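K.L.:
What follows is each chain in one-letter form.
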Amino acid sequence: MWWFSSPKIVFGSDSLEFLESLKGRALIVTDENLVKAGVVERVLERLRTAEVEYEIYDRVEPDPSFEIVMEGVSVAKSFKPDIIIGVGGGSSLDTAKGIRAIYENPDVDPEEISPWTELEEKGTKLILIPTASGSGSEGSNAIVLTKKEENRKIASIHPYIMADYAIVDPEMVKDLPLRVAVFTGLDALSHAMDAFVSSWKNDFTDGLCIQACKLLFRYLPRACKDRSDLEAVEKVHNASTIAGIAIGSSQAGLSHTLGHSLGSIFHIPHGFACGIALPYTTKFYSKFVLEQYEELAYHLGINEKGEKAVDELVAKVKNLLVEIGSPTNYRDLFKELGIPESEFYDKLDNLVENASYDNTILTLVEAPNDEEVRKLFTYAFEGKDVDF
Amino acid sequence: MPKLFSQEWVDEYIKAINSNEEYEKSAKDWEGDFLFVIEPDEELEEPKYVYIDLYHGKARKGFVVSDPSEVNPEFEFRGKFSSWKKLLDGEIDPIKGLITRKFVLKGNMAKVMKYTKAAKLLVECTKQVETEM
Numbered sequence: 001m002w003w004f005s006s007p008k009i010v011f012g013s014d015s016l017e018f019l020e021s022l023k024g025r026a027l028i029v030t031d032e033n034l035v036k037a038g039v040v041e042r043v044l045e046r047l048r049t050a051e052v053e054y055e056i057y058d059r060v061e062p063d064p065s066f067e068i069v070m071e072g073v074s075v076a077k078s079f080k081p082d083i084i085i086g087v088g089g090g091s092s093l094d095t096a097k098g099i100r101a102i103y104e105n106p107d108v109d110p111e112e113i114s115p116w117t118e119l120e121e122k123g124t125k126l127i128l129i130p131t132a133s134g135s136g137s138e139g140s141n142a143i144v145l146t147k148k149e150e151n152r153k154i155a156s157i158h159p160y161i162m163a164d165y166a167i168v169d170p171e172m173v174k175d176l177p178l179r180v181a182v183f184t185g186l187d188a189l190s191h192a193m194d195a196f197v198s199s200w201k202n203d204f205t206d207g208l209c210i211q212a213c214k215l216l217f218r219y220l221p222r223a224c225k226d227r228s229d230l231e232a233v234e235k236v237h238n239a240s241t242i243a244g245i246a247i248g249s250s251q252a253g254l255s256h257t258l259g260h261s262l263g264s265i266f267h268i269p270h271g272f273a274c275g276i277a278l279p280y281t282t283k284f285y286s287k288f289v290l291e292q293y294e295e296l297a298y299h300l301g302i303n304e305k306g307e308k309a310v311d312e313l314v315a316k317v318k319n320l321l322v323e324i325g326s327p328t329n330y331r332d333l334f335k336e337l338g339i340p341e342s343e344f345y346d347k348l349d350n351l352v353e354n355a356s357y358d359n360t361i362l363t364l365v366e367a368p369n370d371e372e373v374r375k376l377f378t379y380a381f382e383g384k385d386v387d388f
Numbered sequence: 001m002p003k004l005f006s007q008e009w010v011d012e013y014i015k016a017i018n019s020n021e022e023y024e025k026s027a028k029d030w031e032g033d034f035l036f037v038i039e040p041d042e043e044l045e046e047p048k049y050v051y052i053d054l055y056h057g058k059a060r061k062g063f064v065v066s067d068p069s070e071v072n073p074e075f076e077f078r079g080k081f082s083s084w085k086k087l088l089d090g091e092i093d094p095i096k097g098l099i100t101r102k103f104v105l106k107g108n109m110a111k112v113m114k115y116t117k118a119a120k121l122l123v124e125c126t127k128q129v130e131t132e133m
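Chains A and B are the protein sequences, given in the same order.
Counting in the working numbering, the first sequence runs from 1 upward without gaps.
Counting in the working numbering, the second sequence runs from 1 upward without gaps.
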């Protein structure tokens, strides 16, 4: 027995109009940059039209912590919303999920939200509006929060975490900075590719993964060059949500095992951390899931079999990285971000240890041992082709 | 071939855990004991209990329990006999089993969530024990 679930999805141009049908009190969960940039104002306009009373909680930070969720819960307890609306990237959307969960279940410790925690629905609606095309959080039942004192991200899933509605409006992402479009797009790709080879993959998500990959390989380069290319921007935005729905039922995989660990220690954009890992994790992991990669390669127009199909798939991912202007290895990423190379090697033991604790390990067909994880990190850092 | 949840089975399971280097590394800081419970169903008349004490990457001791009130474990993992059979045959993923309520885990979830790889390896260790159901 297993489940597939999805929020109701309002998509396409003008889908923010949906907000005008709301009634009650709404708590907006977002970050202050989006408020200053006027992005949140687009949501507020619609709420004012609907005469919805609202309050804004805009203290969400990148890699949101459990403390931020609890602060938002305090705001919710005081304001007593009927609706919680997350507006932003994955950080704001995950924070909104956490706030709804604890607001409705105040006796639950957010750190203890596991897939089998008893969470009760008490009628507070959750609406998620992504302002980036990557996390797919609006479509998934996953939540990722950071335990600050341990420098560790804790990812969990729960059926209750799923939003009631996702509003996937391309208007909300057309002004996304190009660099952000690059790494968020890679996040979406890593979801789609990981979910397709997860031990939890299933008939209900395979098609979603394939379609998300097709859209991303086709439209991401255009969307990363010119944000006025609205067709490409919309297709990538849709692909991100589609991939998010897929990981809700199938889960992320090895690129995220590495990505979560790297991101939690060096605080680098999650999409880069996972996306740059893909060529290396794909090649390594193909020894366990060769047929799946062969099938994915086929749907992406690669007419090879076995290892050759994998090699071409890996080359296709690398080409995409180059085409959208992403580094193809962690060393170049560190240079771009001004992180000294020595820090990677200094923290390699921590990287391996954090990866071994990551929840994505659970849904790998075979979990790599610590030595293999160390080599994967090293190869991804140095840009070496995986040969083990 | 030891029968599931017999003392012989527990001894073999402990051997499998204690010879698994990956488990030892991934659970090197773990301190916590478990009570595993098989709940009766059509194929099993009485419940069965096994206690395992896991400490710093090793199983320190383990034994069959006749009365669960004799032990006070930090964690309890329970499910019906049919679910256990499927788990040990690899037909059920332990986490999916928990989500779909085929198994119930009691204890500090935040602590367990830190040791997901160790949990996965603990289940894999059962596959190294040839078991008579």
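Among the hints, erroneous ones may be present.
Just a few of them, taken from the derived set where beta-carbon distance is under 10 Å, the chain A residues facing chain B [to be verified]:
1. Ser78
2. Phe79
3. Glu111
4. Ile154
5. His158
6. Ala355
7. Ser356
8. Thr360
9. Leu362
10. Thr378
Quick caveat, the hints were computed from the structure, so don't treat them as lab data.
All figures in this text were calculated on a predicted structure; none of them were measured in a lab.
Even for Gly, the Cβ is constructed at its ideal location relative to N, Cα and C.
K.L.:
Does the structure break any of the earlier hints, and which numbers would those be?
P.N.:
Checked against the structure, the hints that fail are numbers 1, 2 and 10, while the rest are satisfied.
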